[in-house]
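*Asks:* Work the whole structure out from these sequences, hints included.
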Amino acid sequence: MLTEQDIVARIHHLTVTRLRVWVTQGYIKPATEAGQRFSEADLARAALICNLEDELGFAEDDVPVLLNLIDQIHGLRSELRGMVEAVDDLPPDVRTTVRLRIERGRQG
Amino acid sequence: MAEDLYSVLGVAKTANADGITKAYRRLAKKLHPDLNPGDAEAEEKFKQVSHAYSILNDEDKRAQYDRGEIDASGQERPQQQQQQYYRQYAGGPEGARYHSAAGYEDISDLFGDMFAREAAAGGRGGGRRYAMRGQDAQYRLDISFLDAVNGTKQRITLPDGGTLDVAIPPGVSEGQVLRLKGKGMPGMGEGPPGDALVEISVKSHPVFKREGNDITVELPITFDEAVLGGKIEVPTIVGRVSVTVPPGSNTGQTLRLKGRGVKSKGRAGDQMVRLNVMLPETIDDDLKSFAKKWREDHGYDPRRTLKEQA
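Line order of the protein sequences matches chains A and B. Going by this note's numbering, the residue at position 78 of the first sequence is 78; the numbering climbs one at a time, nothing skipped. If you count the second sequence from 1, you need to add 108 to reach this note's numbering.
Just so you know, the hints here were simulated from the structure itself, not pulled from any lab data. Every residue, glycine too, gets a C-beta built ideally from N, C-alpha and C. A couple of the hints might just be wrong.
Across the chosen pairs, the derived CB separations fall in these ranges [said to hold, decoys possible]:
{"hint": "1", "chain 1": "A", "residue 1": "Val65", "chain 2": "B", "residue 2": "Gly127", "range": "24 to 32 Å"}
{"hint": "2", "chain 1": "B", "residue 1": "Glu149", "chain 2": "A", "residue 2": "Glu4", "range": "33 to 41 Å"}
{"hint": "3", "chain 1": "B", "residue 1": "Met296", "chain 2": "A", "residue 2": "Val94", "range": "16 to 24 Å"}
{"hint": "4", "chain 1": "A", "residue 1": "His12", "chain 2": "B", "residue 2": "Lys130", "range": "46 to 54 Å"}
Selected chain A positions facing chain B (Cβ under 10 Å, derived; list incomplete) [as the list claims (entries may be wrong)]:
{"hint": "5", "residue": "His13"}
{"hint": "6", "residue": "Thr17"}
{"hint": "7", "residue": "Arg18"}
{"hint": "8", "residue": "Ile28"}
{"hint": "9", "residue": "Gly35"}
{"hint": "10", "residue": "Glu40"}
{"hint": "11", "residue": "Leu48"}
{"hint": "12", "residue": "Phe58"}
{"hint": "13", "residue": "Leu66"}
{"hint": "14", "residue": "Ile70"}
{"hint": "15", "residue": "Asp71"}
{"hint": "16", "residue": "Ile73"}
{"hint": "17", "residue": "Arg81"}
{"hint": "18", "residue": "Pro92"}
{"hint": "19", "residue": "Arg95"}
{"hint": "20", "residue": "Thr96"}
*Replies:* Structural data, given as structure tokens:
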């Protein structure tokens, strides 16, 4: 697990102040037992927010909107993956039925 | 050798630093891997764009590149490429904490896409056996009006020389697509073949017109048939039938022949016979003198309601 200092040290342009704002805003949710502890995912997420603001030039107000959409996409993808895996465990003829049904749905 | 760095960003060689940053941001917002999870093409483009920007955004490197001292592939890998994208974690247990719990009702599109991608990746993944359904084949078939209303069997000759027998159900309509299960392209692995989709085109008929399951025919009758009535032969979609025209029939009146329309899915439409009173082509002296005499004694005003209303 990483500390606040580790995160700031590893991301160019990131300050402790900025990181704390993001934690307060709930953009990043470190584990809190025995002080704040950050994971690699939290680190990558902080890098993403930095990237959105500094490199891509998104306004600070845009960031929560983007994070919300990104989180929705990953939530959705995770549910879909679960469904795909569930379908994969079915017998071949049932898989085919499911696939045909999906294709029919896509053709409207 | 990579493409020209200026054209990667879509800017002129004379663009200033501000213009280059703007162009980069516009492209990067569209292509950023965390904004396009699962899109390998966008990721590849994003790498090119980031790389071009890393050189053109640096005054020294840009000057070197302009002088031809470094080529478009650059001397050093740009730092961007070492970056760990958030999406690499987002799908894992750590990222799951951030997943939004929004409810998704209409996911079949996405699910279908993902399914296709999983299937496409199957060859490399190993272990999984994939069966892909064959593609649907599309055909077009021109049929006559009567074949469309009565149903028929037709044989299509395929481009590869094979044939396809198509049973056309009664009442098929213009533009309707018949699906022949399993008559399309063969499937992959255990996958079933696709379907043949036959789009029907119906030629029009000089006499019969169709509205839903009803057939309309215009029937010319003589002046004396209109006055006296009588039995008259009328064409229907299955042959001629005899129809009783009542005395005093007029142009515009319709006779309904129950059940003589299109028999589709157990329900039969009707045939509507629209009467059209026709005077003889030449009016002879007999008819003239009769009309004159008749007018003197039996004047009538068919335009009374017309005058009242307008």
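*Asks:* If a hint holds in the structure, say so; if it doesn't, say that too.
*Replies:* Hints and how they fare:
1. Checking the proposed 24 to 32 Å range against valine 65 (chain A) and glycine 127 (chain B) shows it holds: the Cβ atoms sit about 27 Å from each other.
2. For glutamate 149 (chain B) and glutamate 4 (chain A), the hinted distance range of 33 to 41 Å is satisfied, since their beta carbons lie about 37 Å from each other.
3. Checked against the hint of 16 to 24 Å, the pair methionine 296 (chain B) and valine 94 (chain A) passes, with Cβ atoms roughly 18 Å apart.
4. The beta-carbon spacing between histidine 12 (chain A) and lysine 130 (chain B), approximately 22 Å, falls outside the hinted interval of 46 to 54 Å.
5. Because the beta carbon of histidine 13 (chain A) sits about 12 Å from the nearest beta carbon in chain B, more than 10 Å, this interface hint is broken.
6. Contact between threonine 17 (chain A) and chain B, as hinted, is not supported at the beta carbon level, the nearest pair being about 21 Å apart and thus beyond 10 Å.
7. Interface restraint check for arginine 18 (chain A): the shortest CB-CB distance to chain B comes to about 17 Å, outside 10 Å, so the restraint is violated.
8. Annotation: isoleucine 28 (chain A) was flagged as interfacial toward chain B, and the flag holds, the nearest CB pair being 9 Å apart, inside 10 Å.
9. Because the closest C-beta pair between glycine 35 (chain A) and chain B is about 18 Å apart, greater than 10 Å, the hint is violated.
10. The criterion of a C-beta within 10 Å of any C-beta in chain B is met by glutamate 40 (chain A), whose closest approach is roughly 6 Å, and the hint holds.
11. Using the Cβ-Cβ criterion of 10 Å, the hint placing leucine 48 (chain A) at the interface with chain B is satisfied: the shortest such distance is roughly 4 Å.
12. For phenylalanine 58 (chain A), the shortest C-beta to C-beta distance to chain B is roughly 8 Å, which falls under 10 Å, so the interface hint holds.
13. Proximity of leucine 66 (chain A) to chain B holds as hinted, the smallest CB-CB distance being about 7 Å (cut-off 10 Å).
14. Because the closest C-beta pair between isoleucine 70 (chain A) and chain B is about 6 Å apart, less than 10 Å, the hint holds.
15. Given hint, aspartate 71 (chain A) at the interface with chain B, holds; its Cβ is 4 Å from that chain's nearest Cβ, closer than 10 Å.
16. Hint status for isoleucine 73 (chain A) relative to chain B: holds, with the closest Cβ pair at about 6 Å, below 10 Å.
17. Because the smallest distance between the Cβ of arginine 81 (chain A) and any Cβ of chain B comes to about 7 Å, under 10 Å, the interface hint for this residue holds.
18. Hint status for proline 92 (chain A): holds, given a least beta-carbon distance of 5 Å to chain B, under 10 Å.
19. Restraint check, arginine 95 (chain A) versus chain B: the minimum CB separation of about 7 Å is within 10 Å; hint holds.
20. Here the hint on threonine 96 (chain A) is kept, as its CB sits about 6 Å from the closest CB of chain B, short of 10 Å.
Of the numbered hints listed earlier, those contradicted by the structure are 4, 5, 6, 7, 9.
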